[in-house]
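Asks: Since the structure of chain G is provided, determine the placement of chains E, Z and P with the ligands on it from the hints.
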Amino acid sequence: MKKIINDPQDVVAEMVDGMVRAYPQYVKQIPKTFVMVRSDQASMKGKVGIVSGGGSGHEPTHAGFVGQGMLSAAVAGQVFTSPTPDQIYAAIKAVNTGKGVFLVIKNYSGDVMNFDMAKDMAEMDDIPVKSIVVDDDIAVENSLYTQGKRGVAGTVLMHKVLGAAADQGASLDDLEQLAKNVLPHINTIAVALSAATVPEVGKPGFELADDEIEYGVGIHSEPGYRREKIKPSKELAAELTAKLTASLKLSSDKKYAILVNGMGATPLMEQYIFTHDVLNKLAEKSIKPVFVKVGNYMTSLDMAGISLTIFELASEKWLDYLNYPVKTIAW
Amino acid sequence: MKKIINDPQDVVAEMVDGMVRAYPQYVKQIPKTFVMVRSDQASMKGKVGIVSGGGSGHEPTHAGFVGQGMLSAAVAGQVFTSPTPDQIYAAIKAVNTGKGVFLVIKNYSGDVMNFDMAKDMAEMDDIPVKSIVVDDDIAVENSLYTQGKRGVAGTVLMHKVLGAAADQGASLDDLEQLAKNVLPHINTIAVALSAATVPEVGKPGFELADDEIEYGVGIHSEPGYRREKIKPSKELAAELTAKLTASLKLSSDKKYAILVNGMGATPLMEQYIFTHDVLNKLAEKSIKPVFVKVGNYMTSLDMAGISLTIFELASEKWLDYLNYPVKTIAW
Amino acid sequence: MELTLENYLAWMQDFAQKIADKKDYLSDLDSKIGDGDHGNNMARGLKAVSEALATKPADLTSALKVTAMALISKVGGAAGPLYGTAFLEMAKLSSKTVDLSELITAAAAGLQKRGGAQAGDKTMVDVWLPVRDNLKNSQLTSEKIEQAVNSTKQMEAKKGRASYLGERSVGHLDPGAVSSGYLFESMLQTGVIK
Amino acid sequence: MELTLENYLAWMQDFAQKIADKKDYLSDLDSKIGDGDHGNNMARGLKAVSEALATKPADLTSALKVTAMALISKVGGAAGPLYGTAFLEMAKLSSKTVDLSELITAAAAGLQKRGGAQAGDKTMVDVWLPVRDNLKNSQLTSEKIEQAVNSTKQMEAKKGRASYLGERSVGHLDPGAVSSGYLFESMLQTGVIK
Ligand SMILES: Nc1ncnc2c1ncn2[C@@H]1O[C@H](COP(=O)(O)OP(=O)(O)O)[C@@H](O)[C@H]1O
Ligand SMILES: Nc1ncnc2c1ncn2[C@@H]1O[C@H](COP(=O)(O)OP(=O)(O)O)[C@@H](O)[C@H]1O
Ligand SMILES: [Mg+2]
Ligand SMILES: [Mg+2]
Ligand SMILES: [Mg+2]
Ligand SMILES: [Mg+2]
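Chains as they are written, first to last, in our numbering: chain G, 1 to 331; chain E, 1 to 331; chain Z, 1 to 194; chain P, 1 to 194.
Treat the hints as calculated values from the structure; they're not laboratory data. Possibly wrong hints are sitting among the right ones.
[What the hints assert, rightly or not] Derived pair list, reagent style EDC-like, types lysine to aspartate or glutamate, alpha-carbon separation capped at 20 Å:
| # | chain 1 | residue 1 | chain 2 | residue 2 |
| --- | --- | --- | --- | --- |
| 1 | P | K113 | E | D116 |
| 2 | P | K47 | E | D10 |
| 3 | P | K23 | E | D7 |
| 4 | E | K32 | P | E51 |
| 5 | P | K32 | E | E207 |
| 6 | P | K23 | E | D10 |
Every value quoted in this text rests on a predicted model; they were computed, and no experiment measured them.
In isolation and in its complexed conformation, chain G is listed as follows:
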């Protein structure tokens, strides 16, 4: 493991410290926690607070999206490990301005349980809390018997939409309704070229041969649905687009936003080439997305790979939310 770190046990503490010292204009740390709240407290006044969080290792998610027009606070857990209820609760208390707090949770059993416990704590304090559990990864089939789908890069779009609505004065109930409406329209699927190495573990989460890729891998090295030899970008784009075409029933009558997301070690050049191929694939179906974003947004440490998110803009308002100006480190 070759990484620019100190003691693997300190990675989150030092990262959070680096982040808040680099960008005091956007985020500040609640002392003795890994909670980063919006520096611009004035912009939160009279608005519903939006809190997200989860394991670390997905930077710039989540703290990179804290700021006016997006999140009110982000809670960083240990690497790939949900943050604990006390920390989430501290975030809730810090951002509640009387209008309640909305939680954006990714669908992992740990995250769901820890956020639920924090919600219980907040409710004992009479802070109204609602939440959405994001499960945009279509690699894993939803079924009664499993944990359900995972929350991955599409979560960033959920943050953006909710943040814009909250900034424009949406109530807690409005946000819950909006989140529920939006959720099924955001679908994501990934392809990995290599796995992430968790600093405390010291070796990659899985091994791929020098010429092998895996489709459908999760953001914590959860296994995907197929391994095969590396393919040209256009074939990777075809595979992922086909999966999303099926799940979202893509149609040229509808409007779409696209998020091409690098997993951490994949350079922007490759991301743009892949974008070119995805846009070509969609053009074959006479679809021209009205919003495209390319970059490292929901990473998985040093994993090489890419995810493709398609967001069906079933309401014209949702596009406005995506285009709504924000003041954050990373959007």
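Replies: Coordinates of chains E, Z and P with the ligands only, in the frame set by chain G:
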């Protein structure tokens, strides 16, 4: 070589296509060239145009910085290869609104010669052109006998400063003077954990052992000044900060901006940890930078590593330029 | 079989040691069917538990409570709220009864309520339920615990990260079941059951 | 020794072939002391030259000019403006004289003006200058070219990317010198000098 690409010969064409189709609000392509000009032409009116460019593989540099308040156009060469004079000339023509054009060139013999030839062409067309050759990398000693220092991540700060000044109406002569004044105050030094693989070459530019790093490496895998075993982040920060302390004569009386730049494959978590260590090192000297930026700005394909740029803000105005709002893909 | 402050402290001390010793093994197991952090999570949590118990809680209830709080606030992930809830349920009940079997029964119920896992879902529940039942009729042995832990090997995961693997989770021990196995081994070895 | 449209076209055809054949080797050399693209750059450029010359330029001057333009607009990097300038200087002079020695002398001067390199700086100039001198007294041979190319091996680079290596550039051939060697080998082999 495991990369998300198609034919290695097509990487630049496809990347440029992906970029302009993803972000038509910021950049558009001059047909049959790899020149991307600002979409918002209105914002260029009556202003000096600023053109930068160079080999590809450093994304988001240069096109990611095209937009109001920063560059007017970016010229993309082949991977790690200077663009050709005809393309640079096309960019100059496209952005000249009568006030002349300022070129930002990184100090590589190829870049300097190609931009010079383009300048000659523009002058034959009576377009006033001035330029600055950025050479911020202190890894290579400047001397009469060599090519001089290399242009690396600090170039992005040069873009930012000049872009802000141009947007506020600076003349071509003003910009030349500003660039000359700023240049010696921007110094950069890097450390690499692995080399970049140029798609057409198919193997890394150099080999480092699993536990080895190299200080002072350039953004095209140019060799650095020392190899050794991987060190904790705080020791890397100490080494790079010491070099910059010497070159810039850092002092607690002065103001500084910091750019921590990921080389492509190094995740943000590591960059923030390194930032934490750099800020600690500077704090030991009672220096607290007034501006900090962390992320992948001047990359080297899939190189793992980091560079540290320190910019001495000898004029209060320079900080304003850094903070001046821009509309770009990547600043 | 009564839980006392004394035997509880011995139990936890032993458990913390086991977790510290087996940290890498637990993370290894987790990296096969999860995300490779279970050992680190548990080690961080038990270190906090040891520190909390070193402050000498006055009685069993507060000892159980500080254990729960340390686990909830330090483990994170899935294991944190699950183990935390289990000890919190024991703490709550301990003011009424200190019967081990009843305490473990309450803990297991809390754990199932928190995580929604059933027997056979390949989780720590597959250790807690047999332990609960064997305690009830005083038949808990080291072999029974081992058996319960090993039973997870052939199961297909329906809860937690391992469920993403579907059939591919078969053939691997569940890391949470293994750490729960250590918990109950410690309970036996430190004489909580006599 | 006069350059004609005919022998020039043969020369360039042979040179393009050599470059295509040695593409990987040139990039390999460049990856040792540069950035590993010289072969790719030259191959891309000579492909463009071949295409341009296939459109049958009317005379030698236009043939030299389209060569220069193709090199300038397709090679990029350092080699593009250098080779481009060399051929552009030949094009300019060719309306006055077609004496090979004079043409190469003009080309070498342009090349030095563009890049600022002196003899001994470990660049293509270290091939162009001896070739120029040997042409002047009609003594150019394959051995002389080889000698000039090989002479760059022991030099320490003072210009171009290799200069960043300082002393470490010693012991490697300069890729631009090697490609220039091919240029002049082709010149000999295609009978431009008789
Ligand atoms: N819903 C659940 N109910 C019961 N146990 C669960 C559940 N989800 C996960 N677990 C247990 O948690 C263990 C994993 O814990 P850990 O690795 O610390 O957390 P995470 O999965 O968040 O990384 C699994 O091995 C399993 O025993
Ligand atoms: N200033 C210069 N003068 C003469 N030749 C030079 C100069 N700089 C570079 N070269 C030549 O160019 C060659 C490298 O060309 P190439 O690899 O195509 O360009 P780049 O260095 O931009 O990648 C070197 O081997 C050297 O012969
Ligand atoms: Mg985890
Ligand atoms: Mg080059
Ligand atoms: Mg785990
Ligand atoms: Mg080169």
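Asks: Confirm or reject each hint.
Replies: These are the hints, each one checked on the structure:
no.: 1; hint: P:K113 / E:D116; verdict: 12 Å, holds
no.: 2; hint: P:K47 / E:D10; verdict: 16 Å, holds
no.: 3; hint: P:K23 / E:D7; verdict: 17 Å, holds
no.: 4; hint: E:K32 / P:E51; verdict: 17 Å, holds
no.: 5; hint: P:K32 / E:E207; verdict: 11 Å, holds
no.: 6; hint: P:K23 / E:D10; verdict: 17 Å, holds
Checked against the numbered hints listed earlier, the structure breaks none of them; every hint is satisfied.
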